[in-house]
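> Turn these sequences into a full structure, and let the hints steer you where they fit.
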Amino acid sequence: MTAFSGSALYLAWVYSGGTVMLQTDFRQFAWEPSLNLIDSTAGADTFQESIPGIGIPGNISLTTVMQSGGTALISALAKGNQGTLIFGPAGTATGQPKSSIPAISMGPRYSQPYNDVVEFSVDFHQSAQHTDGVW
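Counting from 846, one number per residue, gives the positions in the sequence shown under my numbering.
It is worth saying that the hints were derived from the structure and are not from the lab.
From a predicted model like this one, the values you see are computed outputs, not experimental measurements.
Please note that the accuracy of each hint is not assured.
Unchecked claim - Label-pair ranges, simulated between beta-carbon atoms:
hint, residue 1, residue 2, range
1, A887, G952, 42 to 48 Å
2, P897, G862, 20 to 26 Å
3, Q893, P934, 28 to 34 Å
4, T939, V859, 18 to 24 Å
5, D870, G952, 17 to 23 Å
6, Q957, G898, 38 to 44 Å
For glycine and all other residues, C-beta sits at the position ideal for the given N, C-alpha and C.
Put into structure tokens, the structure is as follows:
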């Protein structure tokens, strides 16, 4: 498989107010899927053993450059908004991976340095099992 740049990201937030493209001004996107581990250690075991349990919410975070007049983004990512993140790490070309992640927005955070660009960050709470597929 050929490596690709992070700038290939496709990221959309689909919620009750519509669809917002998040990759246009992004600086950093991270998603860490996770699951619960069940301790299966027993008897004469000399090392802890585990088996996979149910999935648990993964950490999802986005940092983007704040745009002047960017109120649509603020509204779309308001605290408590529920929706689905559509994540294509290598873009949307046919055959590339795609994940749909049900999530709840935890609301915006702002970083406003004196002599640098203003950034807008948001964390999401993964609210159900994600679905993997391809474009």
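> It remains to establish, for every hint, whether it holds in the given structure.
Each hint, compared with the structure:
1. A887 with G952: 42 to 48 Å: 44 Å, holds
2. P897 with G862: 20 to 26 Å: 36 Å, violated
3. Q893 with P934: 28 to 34 Å: At 33 Å between Cβs, range holds.
4. T939 with V859: 18 to 24 Å: Holds, at about 21 Å.
5. D870 with G952: 17 to 23 Å: 18 Å, holds
6. Q957 with G898: 38 to 44 Å: Since the Cβ atoms of Q957 and G898 sit about 42 Å apart, the hinted range of 38 to 44 Å holds.
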